[in-house]
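> With the sequences and hints as input, model every part of the structure.
These protein sequence lines are chains Y and V, in that order.
Throughout, our numbering is defined as the position within the first sequence, counted from one, plus 2.
Throughout, our numbering is defined as the position within the second sequence, counted from one, plus 2.
Honestly, the hints are just simulated from the structure, not real lab data.
Please note that the accuracy of each hint is not assured.
Identical chains blur together in the list; that is why a pair holds if it fits in one copy or across any two.
Unchecked claim - Computed list of lysine-lysine pairs in DSS-like fashion (alpha-carbon distance at most 25 Å, straight line):
#1 K44 / K77
#2 K83 / K44
#3 K224 / K347
#4 K6 / K242
#5 K159 / K362
#6 K299 / K77
#7 K296 / K44
#8 K299 / K83
#9 K296 / K77
#10 K296 / K83
#11 K347 / K362
#12 K83 / K172
#13 K172 / K159
#14 K159 / K6
Note that the structure is a prediction, hence the values are computed from the model and not measured.
Number of protein chains: 2
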Amino acid sequence: MPEKHFNLISTCESARAGELTTPHGVVPTPVFLPVGSQATVKTLTPEEIKDLGFGMVLANNYHLYLRPGLDVIEKMGGLHKFMGWNGALLTDSGGYQIFSLAPLCRISDDGVTFRSHIDGSEHFMTPELAVQYQEVLGADVIMVLDECPAYGDSPEKVRRATARTHQWAKRCQQAQKRPDQALYAIVQGGISPELRHQSAEYLTALDFTGYAIGGLSIGEPKEATLAMIEETVVFLPESKPRYLMGVGSPEDIVEGVARGIDVFDCALPTRVARNGALFTSHGRRNIRNAAFSKMDKPVDPDCDCYTCRNFSAAYLSHLFRSGELLGLRLATIHNLRFMSNLIQKIRSAIVDGTFSTFRKDFSAGYQPADEQTRYDQKQKWLRARMTRD
Amino acid sequence: MPEKHFNLISTCESARAGELTTPHGVVPTPVFLPVGSQATVKTLTPEEIKDLGFGMVLANNYHLYLRPGLDVIEKMGGLHKFMGWNGALLTDSGGYQIFSLAPLCRISDDGVTFRSHIDGSEHFMTPELAVQYQEVLGADVIMVLDECPAYGDSPEKVRRATARTHQWAKRCQQAQKRPDQALYAIVQGGISPELRHQSAEYLTALDFTGYAIGGLSIGEPKEATLAMIEETVVFLPESKPRYLMGVGSPEDIVEGVARGIDVFDCALPTRVARNGALFTSHGRRNIRNAAFSKMDKPVDPDCDCYTCRNFSAAYLSHLFRSGELLGLRLATIHNLRFMSNLIQKIRSAIVDGTFSTFRKDFSAGYQPADEQTRYDQKQKWLRARMTRD
Numbered sequence: 003m004p005e006k007h008f009n010l011i012s013t014c015e016s017a018r019a020g021e022l023t024t025p026h027g028v029v030p031t032p033v034f035l036p037v038g039s040q041a042t043v044k045t046l047t048p049e050e051i052k053d054l055g056f057g058m059v060l061a062n063n064y065h066l067y068l069r070p071g072l073d074v075i076e077k078m079g080g081l082h083k084f085m086g087w088n089g090a091l092l093t094d095s096g097g098y099q100i101f102s103l104a105p106l107c108r109i110s111d112d113g114v115t116f117r118s119h120i121d122g123s124e125h126f127m128t129p130e131l132a133v134q135y136q137e138v139l140g141a142d143v144i145m146v147l148d149e150c151p152a153y154g155d156s157p158e159k160v161r162r163a164t165a166r167t168h169q170w171a172k173r174c175q176q177a178q179k180r181p182d183q184a185l186y187a188i189v190q191g192g193i194s195p196e197l198r199h200q201s202a203e204y205l206t207a208l209d210f211t212g213y214a215i216g217g218l219s220i221g222e223p224k225e226a227t228l229a230m231i232e233e234t235v236v237f238l239p240e241s242k243p244r245y246l247m248g249v250g251s252p253e254d255i256v257e258g259v260a261r262g263i264d265v266f267d268c269a270l271p272t273r274v275a276r277n278g279a280l281f282t283s284h285g286r287r288n289i290r291n292a293a294f295s296k297m298d299k300p301v302d303p304d305c306d307c308y309t310c311r312n313f314s315a316a317y318l319s320h321l322f323r324s325g326e327l328l329g330l331r332l333a334t335i336h337n338l339r340f341m342s343n344l345i346q347k348i349r350s351a352i353v354d355g356t357f358s359t360f361r362k363d364f365s366a367g368y369q370p371a372d373e374q375t376r377y378d379q380k381q382k383w384l385r386a387r388m389t390r391d
Numbered sequence: 003m004p005e006k007h008f009n010l011i012s013t014c015e016s017a018r019a020g021e022l023t024t025p026h027g028v029v030p031t032p033v034f035l036p037v038g039s040q041a042t043v044k045t046l047t048p049e050e051i052k053d054l055g056f057g058m059v060l061a062n063n064y065h066l067y068l069r070p071g072l073d074v075i076e077k078m079g080g081l082h083k084f085m086g087w088n089g090a091l092l093t094d095s096g097g098y099q100i101f102s103l104a105p106l107c108r109i110s111d112d113g114v115t116f117r118s119h120i121d122g123s124e125h126f127m128t129p130e131l132a133v134q135y136q137e138v139l140g141a142d143v144i145m146v147l148d149e150c151p152a153y154g155d156s157p158e159k160v161r162r163a164t165a166r167t168h169q170w171a172k173r174c175q176q177a178q179k180r181p182d183q184a185l186y187a188i189v190q191g192g193i194s195p196e197l198r199h200q201s202a203e204y205l206t207a208l209d210f211t212g213y214a215i216g217g218l219s220i221g222e223p224k225e226a227t228l229a230m231i232e233e234t235v236v237f238l239p240e241s242k243p244r245y246l247m248g249v250g251s252p253e254d255i256v257e258g259v260a261r262g263i264d265v266f267d268c269a270l271p272t273r274v275a276r277n278g279a280l281f282t283s284h285g286r287r288n289i290r291n292a293a294f295s296k297m298d299k300p301v302d303p304d305c306d307c308y309t310c311r312n313f314s315a316a317y318l319s320h321l322f323r324s325g326e327l328l329g330l331r332l333a334t335i336h337n338l339r340f341m342s343n344l345i346q347k348i349r350s351a352i353v354d355g356t357f358s359t360f361r362k363d364f365s366a367g368y369q370p371a372d373e374q375t376r377y378d379q380k381q382k383w384l385r386a387r388m389t390r391d
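This is the structure:
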């Protein structure tokens, strides 16, 4: 890995502005990574993602290992070439997906046996294989294999999962062969402040290139999420990037940055877009609402995205009501542009030393989905994931 | 309508090269119109359609009248503005859709009563209303309301439908108020050469700006389609454009041009793309075939489309196998680029006087879907249309 993967440029209270240097470009932080688990950010081309202001994308070792298979991606010259993306890439090891998507998984200290959610075939993943596979994929940042306890698991189970995550992190570090990839460790510990402290300290001592916070936003109350971020961050080194996995919504990102997070990824902006939920300067709005069906202005007149510059809310509403695929695309473009604009405003505010004002104004003006809606959607989504291919 | 809507530039045996002059640009003929029934060419933006080489698109009065409703499109400033397309537009009157999509339609000399395939609501369409509605939409070329008999209807039924189509054409002509729109008549007559002659002669006497051939490619054998084109074209004026509605595949277009057709529209290239069937210089290929899953070359190395310039067949195969929406888009781009390239080659060959050689080479090299596949797909599609929204 290059000597200096992460460069901290300025801070504003706990919020940080910096940059990640990777073999595929320098990525300013805070950064939000659009999710392209299956080697595609749903509905969009690589050019569109770049034009939306993103320099780094997330893909998933679990999904790609199962389909199309690593042999195919290796033959195509690696994941960047396969998906036509010449920006930076981060691959998740697939730990979370094995525990949340794959049926019948059995874990031992060695590794985890699981069945494919696609065809039911049996597979075995170890920390060493997770690294080896991600070296074949060739992303700029790769993740250790971790064990993700579910929200509600017993303290004992969470403790064991955290200890195993630590042993696996060490094995991943030892297995790493490619020096051009940054390997990030993943802090676990459920909603126990003590386990989070221990986990952060243990992994920090191993001196990874970056640190992720895993196992959050999986059903726990939002206050617990935020508390665990705070409990973890204080034990992480200032000089390394901090990545909050699977988070978040616009409001979660503002709050995550306020607590010292540098990197985020989340399928939410693109997933809710395909359900017609659009981020606007006043909060989340659903394009299927009757009010939009005859509105000749764009969904968000303040937005500079392709969708808002070219189409009325009435047209987007028509596309959704007609089940037209272009609607999914235009909504995805809109939400991702909202995210990249948000991240840019956040970063400017940090650099200018005005982040706390920005944060206050944002939470006063932006109306998030309420807690119950968030919870219902998450549950619905988790159920859907269990059955779909 | 401008004095000279159609300009015949050169001929090569029966094949013709010309141009359509419209308020939204000059469109070289032969021309293939991508289908955007619901004010969107499925999966694509207006810019992409233009970049693919298309200057004219088809939309549908039946679909848009039902959803979002003409009041919405009128409020948005017409169909061009609504869908963000500043090229030429042709709207079909919706006659064919009423007879093929809408359940429980009852016809009288006055007009046709039908139920919406979306919500079952009852509606009444007359020739006058079809024109009035299309004047609200504001396309550059509009179509008369016709009665489309089904393939297999009794000769008597076809005769009556043809006679009614003539009366309705006259009423459409009388109802037209906007002088900037070209109104095309539609020749009917089933697979009866005599009725086709009569229909062409009757409508030619009314002096329309253009002539369409309707009621073909609806289940009859391909030889009958081609024979009916020939029987009709000889009775149409040379100075007016000839539009073969709902046709076709690459091979059908070459054969249609050879028989003197200038304008084509068909959902087939975009529809089969979404099923993974791709046009290549050697014929139709399905991206789901195992051979593609590890191919590091593009689907058609001879193709200059965005998809083939940027992605391997293996990647496209992966997107289809994973149910990824980007796959539908990339396949649509590929097939439409194939169509626009084909049309351009056809036109050059006509202008150069080499069209008959082109036609021979094309049919020797391009392997179309076989008759049974075509028939099965058409039936499957017709059944699907009856149930989907």
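> Could you place K83 and K172 in one of the four classes (within, between, both, neither) given a Cα distance threshold of 25 Å?
neither (30 Å within a copy, 59 Å between copies)
> Have a look at K6 and K242 and pick one of within, between, both or neither, based on CA distance no larger than 25 Å.
within (10 Å within a copy, 71 Å between copies)
> For K296 vs K83, is the C-alpha pair at or below 25 Å within one copy, between two copies, both, or neither?
Cα proximity of K296 and K83: across copies only (14 Å, versus 43 Å in one copy).
> When Cα atoms must be at most 25 Å apart, do K159 and K362 count as within-copy, between-copy, both, or neither?
For K159 and K362, neither the intra-copy (39 Å) nor the inter-copy (73 Å) Cα distance is at most 25 Å.
> Measure nothing new, just compare the shortest in-copy and cross-copy C-alpha distances for K296 and K44 to 25 Å and report within, between, both or neither.
between (28 Å within a copy, 22 Å between copies)
> First find the shortest C-alpha distance between K83 and K44 inside one copy, then the shortest across copies, and answer within, between, both or neither for a cut-off of 25 Å.
within (17 Å within a copy, 27 Å between copies)
> Can you tell me if K347 and K362 fall within 25 Å by alpha carbon in one copy, between copies, both or neither?
Within one copy only: 13 Å inside a chain, 61 Å across chains, cut-off 25 Å.
> Tell me, please, which holds for K299 and K83 at an alpha-carbon limit of 25 Å: within, between, both or neither?
Between copies, since 12 Å is at most 25 Å while 39 Å is not.
> Check K172 against K159 for me: Cα-Cα at most 25 Å, and say if that holds within a copy, between copies, both or neither.
within (20 Å within a copy, 81 Å between copies)
> Give the relationship of K159 and K6 under a CA distance limit of 25 Å: within one copy only, between copies only, both, or neither.
Classified as neither: same-chain Cα gap 37 Å, cross-chain 81 Å, threshold 25 Å.
> Please sort K224 with K347 into within, between, both or neither, judging by C-alpha distance up to 25 Å.
Close inside one copy (24 Å), not across copies (61 Å); limit 25 Å.
> Checking K299 and K77: alpha-carbon separation at most 25 Å within a copy, between copies, both or neither?
Answer is between; shortest inter-copy Cα gap is 11 Å, intra-copy 48 Å.
Hints 5, 12, 14, counting from the list given before, are not met by this structure.
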